[in-house]
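Novice: Listed in order, the protein sequences are those of chains P and Z. 1 is the number of the first residue of the first sequence in the numbering used here; add one for each residue after it. 1001 is the number of the first residue of the second sequence in the numbering used here; add one for each residue after it.
Note that these hints are calculated values from the structure, not bench results. Among the hints, a few may not be true.
[Stated by the list, open to error] Below are the DSBU-like pairs computed for lysine-lysine, each with C-alpha atoms no more than 30 Å apart in a straight line:
1. Z:K1119 x P:K15
2. Z:K1089 x Z:K1024
3. Z:K1119 x P:K89
4. P:K119 x Z:K1015
5. P:K119 x Z:K1089
[To be verified] Derived list of chain Z stretches under chain P, where covered just means 3 residues or more per stretch with a C-beta under 8 Å from a C-beta of chain P:
6. 1036 to 1045
7. 1131 to 1139
Note that CB positions come from ideal geometry on N, CA and C, so glycine has one too.
Residue strings, one per chain:
2 protein chains.
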Amino acid sequence: MNTDADETAIRAVLKTVGQGHHDKDATTIGEQFAPDAVVFDLAPPLAPRFDHQGLAAWLDTWDGPVAQEWRDLTVTTGGDLAFCHGLCKVTATTKSDGQRAEWWQRATVCLRRVDGGWKIVHEHTSVPFHMDGSFRAAIDLQP
Amino acid sequence: MNTDADETAIRAVLKTVGQGHHDKDATTIGEQFAPDAVVFDLAPPLAPRFDHQGLAAWLDTWDGPVAQEWRDLTVTTGGDLAFCHGLCKVTATTKSDGQRAEWWQRATVCLRRVDGGWKIVHEHTSVPFHMDGSFRAAIDLQP
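Looking at chain P on its own, in the form it has when it is part of the complex (with noise of 0.2 Å):
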C-alpha cells in the first residue's frame, strides 16, 4: 500500500516540523500544515486550530533548541491520503529557570496530497494520565 517516493515525501515534512522546532521556527512548522487542520495538543483546548502565535509563544519559553526524537514511526499511505503514528521524545531547557525538560509524547499525524505535495490536515498529540486517582498527566513514561 506505501509508496517508497509517498513515505519519503512525507518523512521528510515530519523532519521539517523536527528542525523547525530545533530553530524554534513557528512559520517553518506552520506551512507543513493545510490551514484548517485540527490539531489535538498537549495542552488545552480540546481542539484549537494551528496557532502560529500560540506555537511561537511556547517555543519562546525554550533556551536553545526544543528537540524531538521519534521512535516507532509508522507511515501509511494510499492514494492522496497518509497518517503516521509514533512515540516523540522532546528534550529542551526552560527558559525561566534552566531546568531540562524531557518528555515522551504519542503523536499521530495525517496528511493530504494537495499540489503534488503533502499537507498535515490533523495532528493528535498527548500523554497519557495516571488512572490512580491523581489524575496525574504521565510525563514520566518511558516506551
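Please build the complex by placing chain Z on the supplied structure of chain P, with the hints as guidance.
Specialist: Coordinates of chain Z only, in the frame set by chain P:
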C-alpha cells in the same frame, strides 16, 4: 475525495464501537480493530496493542452503560485508507461508589479497507493537561 458509501461504512464501524461500549462488549469492540492495531489510550502505557482483557476489565468498573456521544466527527476517506477525528463525550457511573463520571476526550481513528470492510489500524484517545504547573489531566473541559 470522500465517497459516501465509504464514509457511511466507517461511521457504522464507530457506531458499533460505541454500541460495544454501551453494551460493555469488549469482543464486539475488538472485532472492529485489525489484529496489529496500535492504540494510544487515555491510560498508560504509552502505546499498547489493542488489549481485549484490559478493555473488558475497564468496562467492568462501570455500573450500567458507558455512553459515547460524538461531536465534530470528521471522516476523510481516499482509496483504501481513512482517518477520522472528533470529540467524544463519555458518560458512565462508577461501580465502586455510584458516582456519575463525564468527560470529553479527543479521538483520532485511522482505518484501512480489509477484505471489503474497514478495520481500525490505529486509535489515539486523549485529554490535554493543564500547563499551569499542576500537570493535571484536563478532564473538565467543554468543547
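Novice: Hints first: check each against the structure and report whether it holds.
Specialist: Results for each hint:
1. Pair hint K1119 of chain Z plus K15 of chain P holds up; C-alpha atoms about 29 Å apart against a cutoff of 30 Å.
2. Only pairs whose Cα atoms come within 30 Å are accepted, and K1089 of chain Z paired with K1024 of chain Z is accepted, the gap being roughly 16 Å.
3. Among the hinted pairs, K1119 of chain Z with K89 of chain P is consistent with the structure: their alpha-carbon atoms are about 29 Å apart, no more than 30 Å.
4. Taking the CA atoms of K119 of chain P and K1015 of chain Z, the gap is near 29 Å; set against the 30 Å cutoff, the hint holds.
5. A distance of roughly 29 Å separates the Cα atoms of K119 of chain P and K1089 of chain Z; the hinted pair therefore holds under the 30 Å criterion.
6. Coverage of a stretch by a chain is defined here by at least three residues with a beta carbon nearer than 8 Å to that chain's beta carbons; for the region 1036 to 1045 of chain Z and chain P the count is 7, and the condition holds.
7. Residues of the region 1131 to 1139 of chain Z with a Cβ under 8 Å from some Cβ of chain P number 6, which satisfies the need for three, so the listed coverage holds.
Checked against the numbered hints listed earlier, the structure breaks none of them; every hint is satisfied.
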